[in-house]
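Asker: Protein sequence lines, in the order shown, are assigned to chains P and B.
When we follow the numbering used here, the leftmost residue of the first sequence carries the number 1, and every step to the right adds one.
When we follow the numbering used here, the leftmost residue of the second sequence carries the number 1, and every step to the right adds one.
Derived by calculation from the structure, the hints in this document are not laboratory data.
Please read all numbers here as calculations on a predicted model, not as lab measurements.
There may be inaccurate statements among the hints.
[Stated by the list, open to error] Per the computed footprint, the stretches of chain P lying under chain B, defined by three or more beta-carbons under 8 Å from a beta-carbon of chain B, are:
| no. | region |
| --- | --- |
| 1 | 26 to 34 |
| 2 | 53 to 63 |
| 3 | 106 to 117 |
All C-beta atoms, glycine included, are put in the ideal place defined by N, C-alpha and C.
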Amino acid sequence: MAVPKGALGSWDARHIVRTMFPLLVVLSTVVLAAGITLEDAEALLAEYGILAVMVPTMIGTGGNLGAILSARLTTRFHLGTTEISPTDRVLWANVGAILALAATVFTALAVGAYAVGAAFGFGLPLPTLLVISLASGMSVAVIAIVFSLATTYASYRLGIDPDDTTIPIVTNVVDVCGMLVFLGVSGIVLGA
Amino acid sequence: MDARTELWSIYREALPVLLVALCGGLFSGVVLEEVVESVARFPGLLVMVPVFLATRGNVYGALGGRISSGLHQGLIEPRFAWDERLVNAVVASFVNAVGISVVIAVLTRIALFVLGWESAALAEFVAIMLLSGVLTSVVLIGGLLALIFVGYERGYDPDNLVGPIVTTLGDVFGMVFLLLSVLIVEVIA
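So here's chain B without its partners, still in its complex pose (with noise of 0.2 Å):
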């Protein structure tokens, strides 16, 4: 193939994806001014944010990945039921995303020491970490899973539905959980 050719296959294949994640970007961002305002309660959230962010894909990244893999071999039927591998499937995924949530939190209140910033509490920062990751994975596994099943169904390679779905969920969801769980912890602390 003509090197010209092939340049703007690769670009008419790809450019449909990267415009959805823009748009699950832009409204993420409008939340995501929203917990700027309120790093004065909390001083140091920002530094989760984009590790937070960054969580999402490598784990649900890795769940879709594995799912798409399990159809395309005929290993799981696509549809919710209680099938042991896709029960242990979810509950890895389930366990990673959670317990990196706690991690991330340690994580941000050693950096924070070790550069001598200002920082909100431990405790506050794994609340928040916590609250956001279970809310997070609990509507991402399943709405990575019901769009996964439904566009196999229709006939849609998974393969190629897993990256915009965990970009643009992971997004939007996982923002409007930590602004959630921000507002949350403080009324409660």
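Isolated chain P (complex conformation) (with noise of 0.2 Å):
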């Protein structure tokens, strides 16, 4: 869930594109790594039909979780708290909640694939769809806060608003390494 807002003023058709084309083009060449490594299972695909289902999700709530984060630290900046310390309780407030949300949604992840998978007939056993799971979902949720944190911070530091990029770059850019850690950590536990 990536909001670019660069051309968020406009209203103007050809200014819109022109804003924000080349953007997309670098954000699909970021995500292409994705596909790549997708491509290159597809022998696991192929055995394991269960493991395409869950890659949409896969791929997209890495960066909603990334989105969500981005989102409320820059809110943060906008407001005035500028600096990220280790007794901030707010932060570890916010740190928490993700982590929180990401083992709740990866639970369901993998009890919702385990029903689609005995419905259709191609399903794993549930404890191995609860490890492959949640392995690659809890890695992935903190590559989301680690490199929200630090480009929220940097951008800011360097005079971008978070808002305009940073938040397409950031939720883009862990959607690939979804990708990257669920096909790695479901190749390691089915042994393939």
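Join these two chains into a complex; the hints should help.
Answerer: Structure follows, in structure tokens:
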């Protein structure tokens, strides 16, 4: 869920396209890495169809978590809290909430995928799906947290409004990480 | 506010959105499972899938953000009308969505060439992306505007609606139209 806002003030179609299209091309090139990994894992996906069922959520959720955290951090920066300090309780509350959300969503993903697999007859055992979903999901959540903190802080320091370009870049990069980690973890767990 | 209270209030706020997105994601996953079976006919097809899905969020998230700001500022009315601002915003997203679809097809063909992997013809990739890009943008632009307008009329803040609507509609219709385009191009080619 990336929301580039670079041309938000404009209502002229040509201006919107000129501002956004180059960013879209850059983002597409970044996410192409995820596609190459997916194509490379085609044999694994063909053998375990249930992994393909989990792919869109694995791609999207890391980016969604990164977007939520980045947006919240950005708002705090705009409101004047400009330091990232290990003693900052609100910061830890945000990080804790992201981890709790990740644990809930990736548990639900494993259960949902198990139900879909049972209905279509190509499932894996629930414990295996839980291990794959939570191991890759929690790793992606940590990546999303570190990446969001670093880029939001850096863009603020460099004087770029994080709303403009940082959030779409964070979400797309974290999407790619989600894909890489998910297929890596699946390969290890399933011994492929 | 106490840190623990703050943590759970963020959690409660964000969870429904993520669970709605999860349902959309699982549905499009079932469709993707079907797409995987077409890969033998179009080698390299899977390279385009994550990019195609990510682009939906980038293009329609921006449209939703613009419409939502426009409603808040009173620049546009919450209905389908021949309004110059609304038309410009819609045309821009359509051009961006269809344009980037063609770019994805070309980038995919180049990546497969550089890697030395087997690949379907460029014309086949372009046809699949163009077809699914046009179909998805018509349904997503229409659906997104309709849902934002209805939500706004009923008193919901459109800022909170855009993210989940785009993620869910994008996943569901993006994958369905991708599969449909693959099947159509398979018959024609």
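Asker: Decide, hint by hint, whether the structure agrees.
Answerer: Against the structure, the hints come out as follows:
no.	hint	result
1	26 to 34	holds (count 6)
2	53 to 63	holds (count 9)
3	106 to 117	holds (count 5)
Checked against the numbered hints given earlier, the structure satisfies every one of them.
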